[in-house]
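Work out the full structure, taking the sequences as your base and the hints as a guide.
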Amino acid sequence: MFRCRAGLARALRPPPRGRAHAVLQCHQLRCPSRSLTSSGAPGKAGNNLLLYLIVGGAATGTGVYVYKTLQDSKERYASRLARTSRQSQDSEGAAPQDTAAPSPHPKVPSHVPFLLIGGGTAAFAAARSIRARDPGARVLIVSEDPALPYMRPPLSKELWFSDDPNVTETLRFKQWNGKERSIYFQPPSFYVPVEDLPSVENGGVAVLPGKKVVHMDVRGNTVKLNDGTQISYDKCLIATGGSPRNLPAIERAGKDVQKRLTLFRKIEDFRRLEKISREVKSITIIGGGFLGSELACALGRRARTRGLEVIQLFPENGNMGKVLPEYLSNWTTEKVRREGVNVLPNAVVKSVSVSGNRLVIKLKDGRKVETDHIVAAVGLEPNVELAKSAGLEVDSDFGGFRVNAELQARSNIWVAGDAACFYDIKLGRRRVEHHDHAVVSGRLAGENMTGAAKPYWHQSMFWSDLGPNVGYEAIGLVDSSLPTVGVFAKATAKDTPKSATEQSGTGIRSESETEAEASEVQISQSSSPMPQVPKQGEDYGKGVIFYLRDKVVVGIVLWNIFNRMPIARKIIKDGEEHEDLNEVAKLFNIHEE
Amino acid sequence: PPRLPPPTFLLAEGGGAVRRQRGAGRVGTVRARCGHGVGTVRARCGHGKDRIIFATKEDHETPSSAELVADDPDDPYEEQGLILPNGDINWNCPCLGGMASGPCGEQFKSAFSCFHYSTEEIKGSDCVDQFRAMQECMQKYPDLYPQEDENDEKSSKDLEAASMEASAAKEEKASS
Numbered sequence: 017m018f019r020c021r022a023g024l025a026r027a028l029r030p031p032p033r034g035r036a037h038a039v040l041q042c043h044q045l046r047c048p049s050r051s052l053t054s055s056g057a058p059g060k061a062g063n064n065l066l067l068y069l070i071v072g073g074a075a076t077g078t079g080v081y082v083y084k085t086l087q088d089s090k091e092r093y094a095s096r097l098a099r100t101s102r103q104s105q106d107s108e109g110a111a112p113q114d115t116a117a118p119s120p121h122p123k124v125p126s127h128v129p130f131l132l133i134g135g136g137t138a139a140f141a142a143a144r145s146i147r148a149r150d151p152g153a154r155v156l157i158v159s160e161d162p163a164l165p166y167m168r169p170p171l172s173k174e175l176w177f178s179d180d181p182n183v184t185e186t187l188r189f190k191q192w193n194g195k196e197r198s199i200y201f202q203p204p205s206f207y208v209p210v211e212d213l214p215s216v217e218n219g220g221v222a223v224l225p226g227k228k229v230v231h232m233d234v235r236g237n238t239v240k241l242n243d244g245t246q247i248s249y250d251k252c253l254i255a256t257g258g259s260p261r262n263l264p265a266i267e268r269a270g271k272d273v274q275k276r277l278t279l280f281r282k283i284e285d286f287r288r289l290e291k292i293s294r295e296v297k298s299i300t301i302i303g304g305g306f307l308g309s310e311l312a313c314a315l316g317r318r319a320r321t322r323g324l325e326v327i328q329l330f331p332e333n334g335n336m337g338k339v340l341p342e343y344l345s346n347w348t349t350e351k352v353r354r355e356g357v358n359v360l361p362n363a364v365v366k367s368v369s370v371s372g373n374r375l376v377i378k379l380k381d382g383r384k385v386e387t388d389h390i391v392a393a394v395g396l397e398p399n400v401e402l403a404k405s406a407g408l409e410v411d412s413d414f415g416g417f418r419v420n421a422e423l424q425a426r427s428n429i430w431v432a433g434d435a436a437c438f439y440d441i442k443l444g445r446r447r448v449e450h451h452d453h454a455v456v457s458g459r460l461a462g463e464n465m466t467g468a469a470k471p472y473w474h475q476s477m478f479w480s481d482l483g484p485n486v487g488y489e490a491i492g493l494v495d496s497s498l499p500t501v502g503v504f505a506k507a508t509a510k511d512t513p514k515s516a517t518e519q520s521g522t523g524i525r526s527e528s529e530t531e532a533e534a535s536e537v538q539i540s541q542s543s544s545p546m547p548q549v550p551k552q553g554e555d556y557g558k559g560v561i562f563y564l565r566d567k568v569v570v571g572i573v574l575w576n577i578f579n580r581m582p583i584a585r586k587i588i589k590d591g592e593e594h595e596d597l598n599e600v601a602k603l604f605n606i607h608e609e
Numbered sequence: 014p015p016r017l018p019p020p021t022f023l024l025a026e027g028g029g030a031v032r033r034q035r036g037a038g039r040v041g042t043v044r045a046r047c048g049h050g051v052g053t054v055r056a057r058c059g060h061g062k063d064r065i066i067f068a069t070k071e072d073h074e075t076p077s078s079a080e081l082v083a084d085d086p087d088d089p090y091e092e093q094g095l096i097l098p099n100g101d102i103n104w105n106c107p108c109l110g111g112m113a114s115g116p117c118g119e120q121f122k123s124a125f126s127c128f129h130y131s132t133e134e135i136k137g138s139d140c141v142d143q144f145r146a147m148q149e150c151m152q153k154y155p156d157l158y159p160q161e162d163e164n165d166e167k168s169s170k171d172l173e174a175a176s177m178e179a180s181a182a183k184e185e186k187a188s189s
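Protein chains in written order, with our numbering: chain W, 17 to 609; chain D, 14 to 189.
It is worth saying that the hints were derived from the structure and are not from the lab. Note that the structure is predicted; figures quoted are calculated from it, not measured. Glycine residues also receive a C-beta, built at the ideal position from the N, C-alpha and C atoms. Among the hints, erroneous ones may be present.
Claimed, not checked - Dumping the calculated BS3-like pairs for lysine-lysine here, alpha-carbon to alpha-carbon at most 25 Å:
hint, chain 1, residue 1, chain 2, residue 2
1, D, 153, W, 589
2, W, 404, W, 297
3, W, 586, D, 153
4, W, 378, W, 275
5, W, 338, W, 589
6, W, 271, W, 291
7, W, 297, W, 384
8, W, 384, W, 271
9, W, 589, W, 442
10, W, 442, D, 70
11, W, 366, W, 384
12, W, 123, W, 240
13, D, 62, W, 338
14, W, 470, W, 384
15, W, 567, D, 62
16, W, 240, W, 404
17, W, 282, W, 271
18, W, 351, D, 62
As the list claims (entries may be wrong) - Label-pair restraints from in silico Cβ distances:
hint, chain 1, residue 1, chain 2, residue 2, range
19, W, 596, D, 139, 39 to 47 Å
20, W, 151, D, 100, 18 to 26 Å
21, W, 185, D, 134, 36 to 44 Å
22, D, 133, W, 405, 55 to 63 Å
23, D, 126, W, 179, 38 to 46 Å
24, W, 151, D, 88, 22 to 30 Å
25, D, 74, W, 469, 40 to 48 Å
26, D, 141, W, 401, 49 to 57 Å
27, W, 180, D, 89, 41 to 49 Å
28, W, 240, D, 80, 39 to 47 Å
29, D, 86, W, 420, 24 to 32 Å
Said to hold, decoys possible - Far from chain W by the CB rule (all over 10 Å, computed), these chain D residues:
hint, residue
30, 77
31, 87
32, 99
Here you go:
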């Protein structure tokens, strides 16, 4: 068992965070290794699969081919990505244009067994889950987005660090293992033409892009599209996601300001911002959360290479201030600054206006920020317009459609992803806006739409990278208002043999170790009232942070340590009170690479 | 609930050898500091709610006394691997990638089920038709199921490696 897990861990290990490499690259491109984390199953399964297919293949004379296909499959599983094999160079080049459905006016079937409203990650995960469990299932995805289903994380992560000048066209990025892939979950040939969906032999998944469901008749099990088309369904998933929020101060500011504003969410937003970042001298990002901080870091690299000014401002004290405990948030802000970002914390926007050829952002405290373009990354508003016609409940605290632990809203209706306010048996009612949650909840909804009757049980995770020194993964409730216990690795004499020998002057490491320990005990018992700079080796370089509610760990951040999510998930699942979290921290081997 | 020491894989998960031995009892020296101040372990930090502990490698070398709840191996809600506890195939296993849900999912399932449940002496030797049907389907989707390897030498090496890995997996299964 251990060997198997170790093998898996090795396979999933991100590239080493070598310093020189990291400094040059700002970003470690680890995202794909994490993007389907929570769907991960024991490594045993993958190995068994190989065993089966090698033997099976040999028996049937299709050995290498079948093996190869599944080897790819295993790697994809390892990189936790949607099923996409290496595409030929030809199809790669043509991909972006081809990804919209070929026929502009397909004949839409009047009835589909599985109707998925929304074409994002949750819908795609559900489609796959439905198809896997129900052979021959016919699934129609109705998506407002003109593009086929794609993953969003690379839009604020890897794509910005691509060396390919045509990245805005190819939308391809390098995964942690060096393999390139597209942000699209599947190439167009994966999907069945909409008009063929009712007749195609073994069913399939069809996408109707650029259409919006505007009305839902729950009693009649039908929906109406914005073009008047009616579709009836047996089972329906609402995965409408959310729309980026704007700041009231910007909404008030008028058209000239709006023209120079990006609300970042879709492929087109990435393309536009990428272009703008090459044309203007200064970009200001408003928002200190995941998206704002990631984009700031991404643009920060351009700040250094192209002389672009990148400003990030937000009301909190530090980056990720709503997530990370204050000390860590402040520490992170310092790291983001090193990425070339001019970070302005404690900044509340009062008004935005155009002055000459520039935008002027006035802050509540009187400060003024001049810039050329604004990116507002101030959160997401779940898309719940269908609640009215469908008579579905919207949660008054969290927003989103209220569903039960099985993600069900009504008999034939489920909700997944950003738009779902669900009941988590372990952690209570929640709504989660993360990629992995879209994967996990979409998958679960798909299972339940095919009769699984399973509750939300497998916790989703999320991750973010902000420059070479800050990469983290998290699970559960990570809210900076909760009490936290952070356990960080302290570099010791043992870690740096050179300094140890220098200090002791003896060249014998064991002696200096003893000394180091002795002095440490002394310091820990003193209670110096004087502010002090961090001691040698005391840095929030890596560690684990526990978030507590009623003394129980409800959230965990893995700070610059990777591949430990199963342990974190287990601790959340147990929901036990632990006397000494430092003992729990030991399970994470925070000193190991 | 029944309690047990953390399973071995949890301890070993972070990589490296399993070096923890129970009962080697040295209390770790643990320091805590808050922002700019140095305090004891129970230091009040920030708004008094954020505790910080710095632990050396040596501190964490002693075995963890944290107790984890024993998992139910047959938990019906838990994510399962490719083969369910009852021996059935879990078609929703992420390890299958899109194999079971893609356009050749039906053929794949048929071939793989045949193989899984095959009782022939050479397991799967009765599944030639199913595998052929799968292959024929896959040939229609060259960009979904690449037909050619970059080079044959590599793939035969891969095959060898995978074969070894697979037998290792078998051993592990037998011992876990």
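Each hint tested on the structure:
For the proposed pair residue 153/D and residue 589/W, the alpha carbon gap of about 44 Å is over 25 Å, so the pair is violated. Distance hint between residue 404/W and residue 297/W is unfulfilled; the C-alpha atoms sit about 45 Å from each other, more than 25 Å. Taking the CA atoms of residue 586/W and residue 153/D, the gap is near 43 Å; set against the 25 Å cutoff, the hint is violated. Proposed proximity of residue 378/W and residue 275/W is supported: the alpha carbons are some 18 Å apart, at most 25 Å.
For the hint pairing residue 338/W with residue 589/W, the CA-to-CA distance comes to about 23 Å; that is within 25 Å, so the pair holds. A distance of roughly 20 Å separates the Cα atoms of residue 271/W and residue 291/W; the hinted pair therefore holds under the 25 Å criterion. With a C-alpha separation of about 17 Å, the suggested pair residue 297/W and residue 384/W falls inside the 25 Å cut-off, and the hint holds. The straight-line distance between the Cα atoms of residue 384/W and residue 271/W is roughly 20 Å, inside the 25 Å bound, and the hint therefore holds.
The straight-line distance between the Cα atoms of residue 589/W and residue 442/W is roughly 7 Å, inside the 25 Å bound, and the hint therefore holds. A C-alpha spacing of about 33 Å is found between residue 442/W and residue 70/D, which places the hinted pair above 25 Å, so the restraint is violated. The suggested pairing of residue 366/W with residue 384/W holds, with an alpha-carbon distance near 10 Å, which does not exceed 25 Å. This hinted pair checks out: residue 123/W and residue 240/W have alpha carbons roughly 15 Å apart, not beyond 25 Å.
A threshold of 25 Å between alpha carbons decides the hint, and for residue 62/D with residue 338/W the separation of about 14 Å falls inside it, so the pair holds. Taking the CA atoms of residue 470/W and residue 384/W, the gap is about 53 Å. The hint is violated against a cut of 25 Å. About 12 Å separates the Cα atoms of residue 567/W and residue 62/D, which keeps this hinted pair within 25 Å; it holds. Of the supplied pair hints, the one linking residue 240/W and residue 404/W holds, its CA atoms being roughly 14 Å apart against a limit of 25 Å.
A distance of roughly 21 Å separates the Cα atoms of residue 282/W and residue 271/W; the hinted pair therefore holds under the 25 Å criterion. For the suggested pair residue 351/W and residue 62/D, the alpha carbons sit about 24 Å apart, so the restraint of at most 25 Å is met. Between residue 596/W and residue 139/D the beta carbons are some 58 Å apart, a value that contradicts the proposed interval 39 to 47 Å. As the Cβ distance of residue 151/W to residue 100/D is approximately 19 Å, the hint placing it in 18 to 26 Å holds.
Range check, residue 185/W to residue 134/D: about 54 Å between beta-carbon atoms, so the 36 to 44 Å window is missed. A beta carbon spacing of about 57 Å between residue 133/D and residue 405/W agrees with the range 55 to 63 Å that was offered as a hint. At roughly 44 Å, the beta carbons of residue 126/D and residue 179/W sit within the given window of 38 to 46 Å. In this structure the hint that residue 151/W and residue 88/D lie 22 to 30 Å apart at CB holds, the actual value being about 26 Å.
For the pair residue 74/D and residue 469/W, the beta carbons lie near 46 Å from each other, so the given range of 40 to 48 Å is met. For the pair residue 141/D and residue 401/W, the beta carbons lie near 53 Å from each other, so the given range of 49 to 57 Å is met. A beta carbon spacing of about 46 Å between residue 180/W and residue 89/D agrees with the range 41 to 49 Å that was offered as a hint. A hinted range of 39 to 47 Å is violated for the C-beta pair residue 240/W and residue 80/D, which are about 55 Å apart.
The hinted window of 24 to 32 Å between residue 86/D and residue 420/W holds, with their beta carbons roughly 27 Å apart. Residue placement check: residue 77/D does not keep its beta carbon more than 10 Å from all beta carbons of chain W (closest about 4 Å). The beta carbon of residue 87/D is kept farther than 10 Å from every beta carbon of chain W, the shortest such distance being approximately 14 Å. Remark: the non-interface label on residue 99/D is consistent with the geometry, its nearest Cβ contact in chain W lying 15 Å away (cut-off 10 Å).
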